[in-house]
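Student: For the protein sequence lines, the chains are A and B, in the order given. According to our numbering, the stretch in the first sequence is residues 1 to 115, in order. According to our numbering, the stretch in the second sequence is residues 1001 to 1117, in order.
Hint data in this document are derived by calculation from the structure and do not stem from the laboratory. Among the hints, a few may not be true.
[Claimed, not checked] Pairs of lysine-lysine, BS3-like flavour, derived with a Cα cap of 27 Å: (1) 13(A) <-> 1069(B); (2) 57(A) <-> 13(A); (3) 13(A) <-> 55(A); (4) 71(A) <-> 57(A); (5) 18(A) <-> 57(A); (6) 3(A) <-> 1049(B).
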Amino acid sequence: DVKVTQSSRYLVKRTGEKVFLECVQDMDHENMFWYRQDPGLGLRLIYFSYDVKMKEKGDIPEGYSVSREKKERFSLILESASTNQTSMYLCASSFGWTGDQTEAFFGQGTRLTVV
Amino acid sequence: AQSVTQLDSQVPVFEEAPVELRCNYSSSVSVYLFWYVQYPNQGLQLLLKYLSGSTLVESINGFEAEFNKSQTSFHLRKPSVHISDTAEYFCAVSVTAGGTSYGKLTFGQGTILTVHP
């Protein structure tokens, strides 16, 4: 089974801190994604990566950056955490670009609280 | 840009009753369509998907969804629900261009299904 692992289930950080959320997948997937989940808004794409060192902005990239130095690892960085970034963050991966390859596999999520 | 609308934020039903969770999308190009389920304190799991071919797709636990291109809908149905179906359900669309989508998903707002005994 595909496994997508997020390093933390719960995080509490202070306003202004630099925050790193880590995600690792074990199935050699090409694509990796970071989503943010908020009640009533569903999931919104922050950034995605389709190859090592490649990244593309999603729908809500402001205040975030990402890093993909190795194929299996995709990091989300909050440069200076703010209270409006309190949310559930979900990492996902998919094998490729067509048909069944596009199925996304999700991690358990990281619930981040910024105080 | 594509968008996905789930018409009901919450759907309460009694056990063994039928249920329909509605999903409409807007896109002028070909799409892949998905339903994901999220149980409390867990990540999302794929429930079923439409990629091509038969417009009626089924999951292993009794859910089905029908792709209706003319109405741009992908409603999820189950003829008889169980307590264990209580969860949040998300409809998602991936736009394809020449068959390539990068797997980027646009999600609806989610529908919380609560099954009462």
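Student: So, for every hint listed, does it hold in this structure?
Tutor: Tested hints:
1. Proposed proximity of residue 13(A) and residue 1069(B) is contradicted: the alpha carbons are some 46 Å apart, above 27 Å.
2. Restraint check for residue 57(A) and residue 13(A): satisfied, since their Cα atoms lie roughly 24 Å apart, inside the 27 Å limit.
3. Restraint check for residue 13(A) and residue 55(A): satisfied, since their Cα atoms lie roughly 26 Å apart, inside the 27 Å limit.
4. Proposed proximity of residue 71(A) and residue 57(A) is supported: the alpha carbons are some 18 Å apart, at most 27 Å.
5. For a cut-off of 27 Å, the pair hint linking residue 18(A) to residue 57(A) stands: about 20 Å separates their Cα positions.
6. Between residue 3(A) and residue 1049(B) the alpha-carbon distance is near 20 Å, which keeps this suggested pair within the 27 Å criterion.
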